[in-house]
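2 protein chains.
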Amino acid sequence: MDETPDRSSGIRRDAPRRRLGPAARTPEILAAAFEEFAERGYGGARMAAVAERAGIAKGLIYHYFPSKAALFEATIRARTESTFVAAERQVPGLGGSATEALRGLVALAYDRLREEGRERTLFRLIVAEAERFPELARLYRDEILARGTGIVRSLLLAGAKSGEFRADVAAMPGLAEAIIGPVVAGSVWRIILGEAGAPDLDAQQQAHLHLLLAGLKAPDPGA
Amino acid sequence: MDETPDRSSGIRRDAPRRRLGPAARTPEILAAAFEEFAERGYGGARMAAVAERAGIAKGLIYHYFPSKAALFEATIRARTESTFVAAERQVPGLGGSATEALRGLVALAYDRLREEGRERTLFRLIVAEAERFPELARLYRDEILARGTGIVRSLLLAGAKSGEFRADVAAMPGLAEAIIGPVVAGSVWRIILGEAGAPDLDAQQQAHLHLLLAGLKAPDPGA
DNA sequence: TTGCGCATTGACCGTATGGTCAATAACTAC
DNA sequence: GTAGTTATTGACCATACGGTCAATGCGCAA
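Line order of the protein sequences matches chains A and D.
Residues in the first sequence are numbered from 2 upward in steps of one, following this note's numbering.
Residues in the second sequence are numbered from 2 upward in steps of one, following this note's numbering.
Simulated from the structure, these hints should not be mistaken for laboratory data.
Computed from a prediction, not measured in an experiment: that's the story for all the values here.
Beta carbons are placed, not taken as given, at the ideal position from N, Cα and C, and that holds for glycine.
Check the hints yourself; a few may be wrong.
[Claimed, not checked] Restricting the straight-line Cα-Cα distance to at most 27 Å, the calculated cross-link-like pairs of lysine-lysine (DSSO-like) are:
#1 Lys218(A) x Lys162(A)
#2 Lys162(A) x Lys218(D)
#3 Lys69(A) x Lys59(A)
#4 Lys69(D) x Lys59(D)
#5 Lys218(A) x Lys162(D)
#6 Lys218(A) x Lys218(D)
#7 Lys218(D) x Lys162(D)
#8 Lys69(A) x Lys69(D)
[To be verified] Pairwise CB distance ranges, derived in the manner of DEER restraints:
#9 Ala25(D) x Pro28(A): 51 to 57 Å
#10 Arg139(A) x Leu158(D): 42 to 48 Å
#11 Arg20(A) x Ala197(D): 44 to 50 Å
[Unchecked claim] Here are a few chain D residues that sit away from chain A, every Cβ distance over 12 Å (derived from the structure):
#12 Gly22
#13 Ala32
#14 Ala58
Take these sequences, add in the hints, and give me the full structure.
Structure representation (structure tokens):
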């Protein structure tokens, strides 16, 4: 199916047999694997293609990873780590009032949605393969969902304490999930429909913020 | 990998060579195909397994469908049709006031989420394969998302007109998406984490309803 | 009862792919 | 320079899977 009937695996021969060792080679393989898995899904990904992307022979992958499944799990784990550590660093320092913090948080969340980035691809992989790879489910629950709801909950607590939000929102089970829901949905819609076909994100962000402010705020004592 | 090294396709021989014809055989194949695709995804599904589930020889599938891809698209189309036609029938007659209608709509949406049913599986397939099968994206956009937001929008319009909701919610772009977002997210969480691991649905439903009522309602003129 | 059309079978093919392994050569220590 | 370690190769295997097709026999019409 290739235009080159060459039976060689299509290795880049610029640097013939560069010897790297685990510390340098492993990340290269993981990066190549992520691209391949992201584009084709677990079932569609081919180990030979991963090798080609990494510029190495297929056999070398098995020198570092025992199987396709192991490579997949390692890939996801590595990608999640690098992604969400960076994300969490931006969260604190959201401004003084809880209201401002809420605005900032919403803006942050939707900005991340706007990034074309790899995260959407990662999310699609999680949705598609979570049933077959329980590690993916655990990872999403602990590293992503729990962090998201945790941040929202602490924000609600602060707002209720300061009197900006209604007191009962401080400990309403399920509220954090209801608050972040539209962001998750927005991500899914973009996975399914693409950047162009998905509902307008700016409009949704404004409406979402409106809804939250109106729904959470304590009745204005000045009115 | 099977315990039976038998090379025969494992056909059910209870009724040897029952002759059915297109009208009766096609739905059987589609049902079997849906189960297989749902369990293994498109890439992981095997045509031989579909045949086995349907109790027929693999070759017969190709008598009715030209390829695996065609079978997949036909499967999805058939399943969507039967599912969402039934869903829409329950929507009208949501009670008198817009508030009551909103309550009813939220209850309806979450009840559908609670059903163990095939719909979740279908949704997972859509998320996983939409990029490779544009038909899936079109189908989700037109048959599912558009219907959902449409219903919500007409509800908002009615509520604003009657004075129950704030006037500006009648034509706020993106609001319908922000409103249904948590339901979509709830579905995705259940796909990833399963019924047991996902966030509690009762709590989310209550909180979601609270948020909507507080966020949409016009300021009480009696206060 | 006979004859025919087509639903149905199951053996078969080509290929693609995950995984293996013995040979090789790049780097290191001395 | 030399020996040893191991990263790296590429050819190879077994198999699984999508798809094909000639043969078969069921059910209907006359």
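### Task
Just tell me: holds or violated, for the beta carbon distance of arginine 20(A) and alanine 197(D) against 44 to 50 Å?
holds (48 Å)
### Cβ separation of arginine 139(A) and leucine 158(D), checked against the hinted range 42 to 48 Å
holds (43 Å)
### Query
Is lysine 218(A) close enough to lysine 218(D), meaning Cα to Cα at most 27 Å?
Roughly 13 Å between the alpha carbons, so the hint for lysine 218(A) and lysine 218(D) holds.
### Message
Tell me if the straight-line CA distance from lysine 218(A) to lysine 162(A) falls inside 27 Å.
### Response
holds (12 Å)
### Message
So if I understand the rule, the pair passes when the alpha-carbon distance is 27 Å or less; does lysine 218(D) with lysine 162(D) pass?
### Response
holds (12 Å)
### Task
Classify the label on alanine 58(D) as holds or violated, using whether its beta-carbon is more than 12 Å from each beta-carbon of chain A.
holds (24 Å)
### Query
Taking 27 Å as the top limit, are the C-alpha atoms of lysine 69(D) and lysine 59(D) close enough?
The given pair, whose Cα atoms are some 11 Å apart, holds under the 27 Å limit.
### Task
Quickly compare the C-alpha distance for lysine 218(A) and lysine 162(D) to 27 Å and report which way the hint goes.
The hint holds at about 24 Å.
### Message
Quick check for students: does the CB of alanine 32(D) sit more than 12 Å from each CB in chain A?
### Response
holds (20 Å)
#### Entry: Distance restraint hint 51 to 57 Å, applied to the beta-carbon atoms of alanine 25(D) and proline 28(A)
56 Å Cβ-Cβ, so the 51 to 57 Å window holds.
### Query
If you draw a straight line from the CA of lysine 69(A) to the CA of lysine 69(D), is it 27 Å or shorter?
OK: lysine 69(A) and lysine 69(D) at ~24 Å, within 27 Å.
#### Entry: Pairwise hint evaluation, lysine 59(A) against lysine 69(A), where the allowed Cα distance is 27 Å at most
Holds, because 11 Å separates the two Cα atoms, which is no more than 27 Å.
Of the numbered hints given earlier, the model fails none.
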